[in-house]
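Peer 1: Residue numbers (the UniProt record's numbering), protein chains in the order written: chain A, 1 to 74; chain B, 1 to 74; chain C, 1 to 74; chain D, 1 to 74; chain E, 1 to 74; chain F, 1 to 74.
Just to be clear, a hint being listed does not mean it is correct.
Pairs count within a copy or across copies, as identical chains cannot be separated in the list.
Claimed, not checked - No more than 25 Å apart at the CA atoms, straight line, and that leaves these computed lysine to any residue pairs for SDA-like:
(1) Lys9 x Asn49
(2) Lys6 x Asn49
(3) Lys52 x Thr29
(4) Lys6 x Leu25
(5) Lys5 x Asn49
(6) Lys5 x Glu53
(7) Lys52 x Tyr36
(8) Lys6 x Arg54
(9) Lys57 x Phe2
(10) Lys57 x Met1
(11) Lys9 x Glu53
(12) Lys5 x Ser55
No lab work stands behind these hints, which were simulated from the structure alone.
Protein chains: 6
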Amino acid sequence: MFPNKKVQKIVGSRVLVEMKGDTNLLEGTLSTVDDYMNLHLVDTVEIVNGQKERSLKSVVLRGNNIILITPVDE
Amino acid sequence: MFPNKKVQKIVGSRVLVEMKGDTNLLEGTLSTVDDYMNLHLVDTVEIVNGQKERSLKSVVLRGNNIILITPVDE
Amino acid sequence: MFPNKKVQKIVGSRVLVEMKGDTNLLEGTLSTVDDYMNLHLVDTVEIVNGQKERSLKSVVLRGNNIILITPVDE
Amino acid sequence: MFPNKKVQKIVGSRVLVEMKGDTNLLEGTLSTVDDYMNLHLVDTVEIVNGQKERSLKSVVLRGNNIILITPVDE
Amino acid sequence: MFPNKKVQKIVGSRVLVEMKGDTNLLEGTLSTVDDYMNLHLVDTVEIVNGQKERSLKSVVLRGNNIILITPVDE
Amino acid sequence: MFPNKKVQKIVGSRVLVEMKGDTNLLEGTLSTVDDYMNLHLVDTVEIVNGQKERSLKSVVLRGNNIILITPVDE
């Protein structure tokens, strides 16, 4: 399964996303993804030092600044 | 709703945008967005350490340097 | 007005441009802009700690490394 | 063999991937790769200071943030 | 004159190029440039703290990692 | 000679490549290059503080994270 398809398959699940920049770790429910891996997450929280810190709710992430996407084990 | 559409839907609202680089947190009214997520914000302020710091008024942001976009709760 | 059009509209004006990298703040007269937001500035000065520091005169800036563009109030 | 083909040829093998950002070294089994060098790794571990640290299992990596890919000698 | 044309016009001249990364300031004779602003410089020297430090002779620079290009006053 | 052609011409030679990220200086024999300047190097060593440090053998480098490519004088 191609990397993009792998991401599309987990729409609706909780995901952990590492970004470039200062707010670099986010956990949210993956609402949508497009061909550039731009993501729309809902119920999003920022993770700082392993703690759920700041609630960002609905967030759009720019695909080219994503380092990695991984499903959250629940 | 695809990530780009989600951003288009909040045109006219206050948004918080995290950028790469030194001026990394901006709050403004989203005036326009294009397919690359380039943004035009008006009534923009730079946020430093949680404080509204510097007024930048009309600002164009390069899409590929955007980390995340989130609506401001009002 | 789309972000690109907004930049085209201020050709001929003084602009402040924040870049990625070490020379990150430049003020100059916007001579031309293309679809990638590559910019040609003339009468350019580098701003360091709020001071006009180094004169760079004619400078070409690579669009993808631009963080933000804002008109200078005069 | 072109760089992309070289990566396709090692699908199914253990690879070491250096990324930009904080989680910058990952070892995993290369499951799939696309034309942008987006990767899907399984059985992935994060390497910190030469130690296998954090298990991330299934991970999608954004191609443009990959620095290098090298096969793991086994 | 569009930014790309401005760069093409100074082929054959000495230019100063600021790059992202550690070797960030280079002075060389601009040999060729393509549409992505990839550059080929000859007689190149790396500038560190304003001093000509390391001779790199023939160097290819990746356009997307260029911050700015400016002609050297001679 | 365009920058891309210049790189194609040195296929088979030893090259020094500066990358973004932590493993930023690599010396290897250039095996292949594509239009995005993705590179496949063989007999690669990582250079740290001017010393040949870590042998990486066969390595694929993502073109957009290359700062510069220069032939090694031998």
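Peer 1: Among the hints numbered above, which are violated by the structure, and what are their numbers in rising order?
Peer 2: Numbers 1, 2, 5, 6, 7 and 11 - these are the hints that the structure violates, sorted from lowest upward.
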